[in-house]
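Undergrad: Work out the full structure, taking the sequences as your base and the hints as a guide.
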Amino acid sequence: MSSLRALTLFFLAAFAAAAVLAGYLTYAASRAAVVSAVDRRIGEVGDAMLSAVAPGDSRTILRRIDAFSRRRDTGDIGFELEDARGRRVGGNVVLERTLPLGFTTLRRRDGIVGLSAGRAQSRDAGGGLRLITIAETEPIDGYRATRVRLYLIGFGTLLAVVLAGTASFGWIVRRRIGEVRATAAAIIDGDLTRRVPVPARGGAFADQAVAFNRALDRIAALVEQLRGVSSDVAHDLRTPLARLRARLARLAERPTVSGEELEAVLAACDELLALFAAILRIAEVSAGERRAGFRPIDLAGLAEQACETLAAAATERGQRLSGGPFTPFMVRGDPQLLSQALLNLIENALYHTPAGTSVTVTLEREGATTVLGVRDDGPGIPAAARALALRRFGQLETSRHRPGHGLGLPLVEAVARLHGGTLTLADAAPGLAVVMALRMEA
Amino acid sequence: MKLLIVEDDRDYADSLREDLAALDHEVTVAENGRDALLALERDRYDAVILDRMLPQMDGAAVVRHARERGQTLPVLMLSALGRSVEKVDGLEAGADDYVVKPTPASEIEARLRALLRARGWQQQGGDGDTLRAGDIVVSPGQHRAWRNGRALDLAKLEFGLLAELARHAGSYLTRAMLIERVWSYDFEPSTNIVDVQVRSLRRKLCAPGEVDPIVTKRSVGYMLRA
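As they're listed, the protein sequences go chains A and B.
Start counting the first sequence at 0; every next residue gets the next number (numbering that gives the first Met the number 0).
Start counting the second sequence at 0; every next residue gets the next number (numbering that gives the first Met the number 0).
Hints were generated in silico from the structure; no laboratory data involved.
Ideal Cβ placement from N, Cα and C applies to all residues, glycine included.
Treat the hints with care, since some could be wrong.
Examples of chain A residues toward chain B, derived with CB under 8 Å [unchecked claim]:
1. Leu279
2. Glu315
3. Gln335
TA: As structure tokens, this is what we get:
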């Protein structure tokens, strides 16, 4: 019963059976009603014929038959009077067979002129006489056949309409399913641009097609992103790995290796491991897993700790880091991730600006938005290069020789998105302002 | 220490065993959870180093079973991925600490020592309010510290760093442990924040002529002289 075809056939069979049964019941009920009305009438007429008649007085009965036959309201009633041996004594109809006492159904083959179906009552008229009263049960001749024909036409038409409707409904559903199936098949074959055609007139099928297409759009975007990331990863992992390999190859040729040289190789390994840690961290944040750990935190405390943590490093680099003390600032979020984002932003500012630069951390509330800013008065990034700076591994050419794996800002952006926010790079004239706008409930 | 390593990666288990043996520990390796539980029933160990991802019975299940059987020894869990969900699962199952692979043997040793010391404090009935290490006195309750009776003017993180070192005076704390305990960060920043902070703490601890109370051990970490 799971296929559309089987479902349609079952429905049609059930409908046809119901139609035939309904037709037969209607027919039987109306026939029974007519038969009982006719029986009542011939019974009453028979009573009237025999009332106050002496047993065996056939002359009086025949006279009454004659009189009844001429009256308009009883002219359609047939009578026959028979004697004790079943021989016809008189009447206005001729019966070919002897009927039993009581009611009998008559048919065309009973040979009564002008009668195709009727009812007869045979009763004892006294003195061995029998009076048979006959009336038609059909308003017109051959009514039974006509009625069957009418039923056939009526129910047949109904059946045909339902059949056609079901068939076209099935065809439409099958066609829509076919379109979705064809799209799915094309996508399985690798054509991610294929979409389900959307019916122009709207409706449930159009809504479904639109929803399906939106899911496909999202998947295509994610796949595209994944392709980009994996080629970036492949590209950017090659460089440090190639460097490490070259270094090891050089060491392999030496008869002895100094501890210092080994330290350098280990440091290169650590850099690679840090790169992997950053990739995994971004994946963890992007997957939204950390949302479960959101809790109320004081963002001011986190920002102050970040500033205090890096202030000494800034001083050692000949730079100045300022920020805070801030007033308590309660939000819901992940303290680890927000701290990491803050540290990344500050480190980013410190490592991409020369000695003598001042870096300032700000924390403000603008309506429902929490704005965390890190501004510097360094050389800044040209507007055209800012989008590249946000891309994974999107290190600017100017910073290729500096430490870092190029995943700092993308991680900050992933953290911002997890907290319902955005990350923007702006001109601080002079220098760069990196602003994280977060929509966090207090 | 008598240690049990539960790790299905033979190469990694062997290198870890050699490194820990070189640090004078007696090490046994179990390749799966069942063997680990049997070994724990058979022998007494000081601590367990348990891989998170094991065939059949995973690390969290192993530690849960061990705890159900009344094993109270410290369990350090190793993970290849280091996702926070995993970490929470591991700790909830009954592990005491959690580190991400590859972890040097020195880091593992320092963490196990800290876990054993923490067990000792529990038996003594808690961590006293005032900490003493040589001529240094730290009062976490008052948020104040002195050296040779001279009050030290420390910033918040410097104070936290000194208190943590004083709590473990006489043993090494690794950079990763200090980042976790002093900063409460679950990540390692690109900047060597521990080294920078230790440098500024040293400057404030040492008056002219005083000995540096903080000992640095290359590629391990820092220790405050007891």
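Undergrad: Mind checking the CB of Glu315 of chain A against every CB in chain B and telling me if the closest is under 8 Å?
TA: At 7 Å from the nearest chain B Cβ, Glu315 of chain A passes the 8 Å test, so the hint holds.
Undergrad: Per the CB criterion, is Gln335 of chain A less than 8 Å away from chain B?
TA: Gln335 of chain A check passes; min Cβ-Cβ to chain B is 5 Å, inside 8 Å.
Undergrad: Minimum Cβ distance from Leu279 of chain A to chain B below 8 Å?
TA: Holds, because the Cβ-Cβ distance from Leu279 of chain A to chain B comes to roughly 6 Å (cut-off 8 Å).
Consistency with the previously given hints is maintained throughout, with no hint failing.
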